[in-house]
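A.B. asks: Sequence:
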Amino acid sequence: MALLDDVKSELAAIESELAPAKMAQATAMMRFGGGLRPVNGRAIIRASFDSLDAAQWLQEMIQQHYQREASLVPVSVETPAGVVHRYDVVVERGATALALQAGLLDSRMRLVKGLPAEIVSGNIAQIKAAWRGAFMARGSLSAPGKASYMEIICPTQEAAMALQGAARRLGIGARARQVRSSERVTLRDPDAIERMLNLIGAPRSAREWTGKRVDGDSRGKANRLANFDDANMRRSAKAAAEASEKVRHAFEILGDSVPENLRAAGQLRLDHGDASLEELGRLAEPPITKDAIAGRIRRLLQLADKTERARRQ
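Read in order, the letters of the sequence shown correspond to residues 32 to 344 in my numbering.
No false leads were mixed into what you were given.
Below 27 angstroms or equal to it, Euclidean Cα-Cα: the simulated DSSO-like pairs (lysine-lysine) are:
#	residue 1	residue 2
1	Lys321	Lys337
2	Lys177	Lys321
3	Lys269	Lys337
For the record, the hints were derived by calculation from the structure and aren't laboratory data.
As the structure is a computational prediction, the values presented were derived from the model and not from experiment.
Go ahead and model the full structure; you've got the sequences and the hints to work with.
C.D. replies: The following block contains the structure:
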């Protein structure tokens, strides 16, 4: 949780945004944090956060920009894992008017199920700010050494689709999915996660997350090598050694007549004998898919086999 807290604190410290971006961030924080709801016959806005810095940012924004009174209420929740501390930003007086200003209600006084149209179709600064606000409200990030993910729990399917579309505008592929009746938007690719952290304004945390992930991968590889007696790893090592030997034999047969793209693929296989095809594809210049790298290595071996047969005739 320490790294996640650092990310949200870094995002809350951003001061250079213009008013439209700040409003987009505040709207997303209110929408994903809880939003407008009826309590005892009247409407209030309640947004809950696991980061005190995030909650304080929204409280100040509501008071200074929207000129509405907002209270910050600490909440402690008992869970099987221990006590969880959360921070609620609550607007009781003028909540409906604030919801209209922020776009949580449309002009016909209907709740907006996703994100307001002016944000979804807004400029890139607004799109980044909306993602930032959603992450500050309900975002999570994988710990170093675990399977990589960046995820936001969404209040509705429409909100998830809006967030997925916003990520697409930033050039990042995000997946909207349902998990245990909750809507989520998830990033799995480590490079995409690092880029998203940079785009929404957390470059320091992006560097730290990437560094710890790489360290974790290195430790994991060392542990795998130390336990090389595992049957699956023995089979993988044998397959990699056989593939490398076939490529080496193909180079001997073809000599200088190897097409450059096939030579580059084969050399990657020799230089990175324990790497997966997907990893080899990422190492290529420019990067290619695992199917493409597999196809090039296959064509290299087929060309060598054909040349060897022709020489025997």
